[in-house]
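Next come the chains, spelled out residue by residue.
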Amino acid sequence: MALDDFDRALMAATQGGLPLVPRPYDAVGERLGVSGQQVRERLAQMLESGLIRRIGAVPNHYRLGFTANGMSVWDVEDAQVDTLGERIGQLPGVSHCYRRPRHLPKAAPGRSQDALSPSGGDAVQSIATGGNFWPYNLFAMLHGRSRAEVEQQAVQVRELLGAACRGHDILYSTAILKKTGLRLTHPSKED
Amino acid sequence: MLSPDDARLLERLHGDLPLTERPFADVALEFGWTEDYVITRLSALLESGMLTRFGPLFQIERAGGLFVLAAMAVPEERYEAVTAQVNALPEVAHNYRREHALNMWFVLGTETPAQCAAAIARIEAETGLPVLAFPKEREFFVELKLPLTSGAPHGAR
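Just so you know, the protein sequences line up as chains A and B, in that order. Residues in the first sequence are numbered consecutively from 1, following our numbering. Residues in the second sequence are numbered consecutively from 192, following our numbering.
In case anyone wonders, no lab produced these hints; they're calculated from the structure. The reader is advised that the hints may include incorrect statements.
Listed below are the simulated EDC-like cross-link pairs for lysine to aspartate or glutamate, each with C-alpha atoms no more than 16 Å apart in a straight line [said to hold, decoys possible]:
{"#": "1", "chain 1": "B", "residue 1": "LYS327", "chain 2": "B", "residue 2": "GLU252"}
{"#": "2", "chain 1": "B", "residue 1": "LYS327", "chain 2": "A", "residue 2": "GLU151"}
{"#": "3", "chain 1": "B", "residue 1": "LYS327", "chain 2": "A", "residue 2": "ASP4"}
{"#": "4", "chain 1": "A", "residue 1": "LYS178", "chain 2": "B", "residue 2": "GLU271"}
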């Protein structure tokens, strides 16, 4: 489903946020030269199609007291990762959960070789990871009011993964460097 | 910290702002508040940085685009300069510093795969540092949870 010009205009007009006025959809429509009704109908279609995940508040976890934010990463058996990933998404504390490619040295046996590095090559991987390869294929974001709380959540993930898990790490964030969300760059010039 | 009213409002408005003519009035009605109070509270939450944004969250994948997580190992002495170089790209939606040899993790959001590859190539060229890409292979369903009102931590039931 490609975006049409109205989609792009609507996304550009709302990706920074909705105006906090009594009739926000009318206000967006006014900027785009359409009615508020048209805006609401298209937003409803976008929700329906999944192009919009939700319309609402994007919290700053830190400012809300969730000061411990850990990206937990897990090396899970390929055959089981999809089933287990679904279950981990249900755990309390998990806000996002994805399967992503590993980055492995070329000769590593018994592991998938579908890792993607745009620069390619083992040298690059070894530099980028500080000499370590990246064995993790499951990423789950954990949020707590302390690191101890995040560790506790990680224990639950570990228990759920059981023998399918060969190793894990938690990468705590120490600063938000940017959080603007999606910004379309060159609307309608790319077709 | 959040007032009890703010916590209730955020839990309600994590998603599902009504697609009605006056959505804030409809939310106010659910709580027995005024429309003006809802708008004032939301504005204050944005102003104070408790919220980074209020509006639609787009999944650009559904329109042929993509979000790609990417990581770099940035030398400490260059961290600030590289942050500025990376953040300058509008394709960079989020960027976090993390405790790891790979100490910079950012998300690229673009309308086409080609734009994403171009953004990665540009970051590598400008910084001279390799970028490790972790494209989303599968997203697992995550139950919406933001337990602010209970006073309980995220992990508690």
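Inset, instruction - Determine which of the earlier numbered hints do not hold for this structure and return their numbers in increasing order. - result: 2, 3
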